[in-house]
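Residue numbers (this note's numbering), protein chains in the order written: chain A, 455 to 618; chain F, 490 to 595; chain Y, 9 to 352.
Read the hints as simulated data drawn from the structure, not as lab findings. You may find that some hints are simply not true.
Subject to a maximum C-alpha distance of 30 Å in a straight line, what follows is the list of computed DSSO-like cross-link-like pairs (lysine-lysine) [to be verified]: (1) Lys-75/Y - Lys-152/Y; (2) Lys-56/Y - Lys-79/Y; (3) Lys-152/Y - Lys-327/Y; (4) Lys-152/Y - Lys-79/Y; (5) Lys-615/A - Lys-152/Y; (6) Lys-586/A - Lys-352/Y; (7) Lys-327/Y - Lys-352/Y; (8) Lys-615/A - Lys-327/Y.
As the structure is a computational prediction, the values presented were derived from the model and not from experiment.
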Amino acid sequence: MLAQILFWLMALVIVVTSIGVVAVRNPVRSALNLVANFFALAVLYLLLYAQFVAVVQIIVYAGAIMVLFLFTIMLLNLGAPSEMVERYEWKRPVTVGLALLFVIVLSGGVFARLGQAQPAPDDIGTVQMVGKYLFTDWVYPFELTSVLLLIAIVGAIVMAKRRF
Amino acid sequence: MEAIPVSWYLMLSAFMFAMGVTGVVIRRNPIVIFMCIELMLNAANLAFLAFARQQAQLGAQVAGQVYTILVMAVAAAEVAIGLGIIVAIYRLRDTINVDEMNLLKF
Amino acid sequence: MRRVDALLNNPWVVIPLRILIVIGFILTLVPGLVWLERRVLALMQIRKGPNRVGPAGLLQPVADGIKLFFKEDVVPERVDRFIYFLAPAGFLIPVLIAPAIIPWGPNDRLTPIADVNIGILFLLAMTSLTVYGIVLAGWSSNNKYSLLGGLRASAQTISYELAMGLSIISVVLLTGSLSMRDMVLNQQGSLGMLNWHVFRFFPLGLIATGIFLVAMLAETNRAPFDLPEAESELIAGYHTEYSSMKFAMFFMGEYASMITISAVMVTLFFGGWLPPLPFAPFTWVPGPIWFLLKLGVFIYFFIWVRATLPRLRYDMLMKLGWLRLLPTALVNLFLVAIIVWWQK
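The shape of chain A in the complex, shown without the other chains:
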């Protein structure tokens, strides 16, 4: 019962904040909506038995990536909402309509017919379990990801320098 309440509450937060990210004028408020979205997602990950992923979501997404977004918005002083004027006004209703159509068709046609969740051991989301698979079956993508992060670090530093 607690799971039901939590799920519906978090689903409401996710829906409202997703619309908020897209619809709000001020980019700082947009970013804050996204942070709230990530929190609600972390709670949903907990409901899906993924504890490690939930806390990594908060540390990485809500705690690092969104801070980076906020820094960039504040340093470039993009808080002024009146700078961005849309050129083609018909884009908005068409896009929103098509997006809603996508959601309805996908949910009704495909997702509503899927089966139930399979039984899983209680410790499926723990660090030990994820770590075991990350270092045995998935060690190759794991190492490639570390190389990718190295490339990103080098790239970001190269781009941020003023003179070569």
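Use these hints to put chains F and Y onto chain A, whose structure you have.
Then chains F and Y, alone, in the frame of chain A:
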């Protein structure tokens, strides 16, 4: 916690994804566009975890969580580079309205 | 008695009770800390400190609280109101949630509010979240000094989070688990104090403790890393435009995070609730008392360092974090990993 069917998580994921796409098409500020891309990536993460609950084998169930972590790492790398690009463009053009970035070479 | 027993076994009752006790404890320690800091700082600077308001100045925090409560709440004109009001709460709430994982004692009723499998990562997550309060406070104040102070403070926090995380991972390698209770249990042993993580694999444990110590000071924006809020540098940094209770929330949050992070230091490196030597008469003293004693030592250390060391300039601070602490933490982690692997 078996009370919530997996399909509801997937509908939520579809909604987030649709909102992300809408944001990328509608908004003119590249930082907000980037945030909508992150929204799409998170929708994909939620879908991964929801589908992982439906697998039969333990290995496949944990694989969903491993995918999610890898997606987060990739998203972090992408955000670092993307924001660096935006800052570099701002330094050059002094505006970041996406509609004005219409030249391949400045 | 049976009804009380049944009540205490009901999780809907026990968990809110534990939460109330822990948060109440920390919020009660905060005024004590205010008094302690002013008194100890004063005595170290060969002056007397507050000694008028109540015996030995013990009611000084009460007077401070009353003053802050009755101050005029000035809200500047063109602030972003929603974010301006949200920021102090955004700073205080993660700080108060963080002590949920700290094991105060061995008994199951006293142990953490939540001994989750991902224990120490929870602390890292909450520390990352305090950055939001600072950055949003700086931004919404519509004041360039606040913005600079906020950005500097948050850049400092995220830089030292790395070194802190790496030293925590050394401890995780030693323990084999992220759970805080397991970390304390791993430090049990017949050698007593020598089993604590600070003395393991000498000098690697000591280096990890040292890195965590420095990072601890930097994370809480305490001297000598308190440039973002130094009075003589940036007016008051990110909380310049805040008055009365909103400022009090920043103030309380800083002291509460000091307490929490000292508690984490005690749990990770100094044995938590374990006595220094595992035989009588040390075992007559209950676990939580040892914990509080060790906590007191580290809180005193915070105040001591503030009185002693000069403030670091911002570029020196960043250089310390990135160029000295981070490589040291990495090498330390590497060596600990080799030794742990070799021992298996």
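Satisfaction of hint between Lys-152/Y and Lys-615/A, Cα-Cα up to 30 Å:
Judged against 30 Å, a Cα distance of about 24 Å means the pair holds.
Does Lys-152/Y pair with Lys-327/Y here, judged by a C-alpha cut-off of 30 Å?
holds (24 Å)
Would you check the hint for Lys-75/Y and Lys-152/Y, treating anything up to 30 Å between C-alpha atoms as holding?
Holds, at roughly 28 Å.
Has the given pair, Lys-615/A with Lys-327/Y, been kept, meaning a C-alpha gap of at most 30 Å?
holds (17 Å)
Hey, Lys-56/Y versus Lys-79/Y, does the alpha-carbon distance stay inside 30 Å?
It holds: about 27 Å lies between the C-alpha atoms, which stays within 30 Å.
Within a Cα-Cα threshold of 30 Å, do Lys-327/Y and Lys-352/Y meet the stated pairing?
The given pair, whose Cα atoms are some 37 Å apart, is violated under the 30 Å limit.
Straight-line alpha-carbon gap Lys-586/A to Lys-352/Y, limit 30 Å
Given that 30 Å is the threshold and the Cα spacing comes to 17 Å, the pair holds.
So if I understand the rule, the pair passes when the alpha-carbon distance is 30 Å or less; does Lys-152/Y with Lys-79/Y pass?
holds (24 Å)
Of the hints listed earlier, the one the structure fails to meet is number 7.
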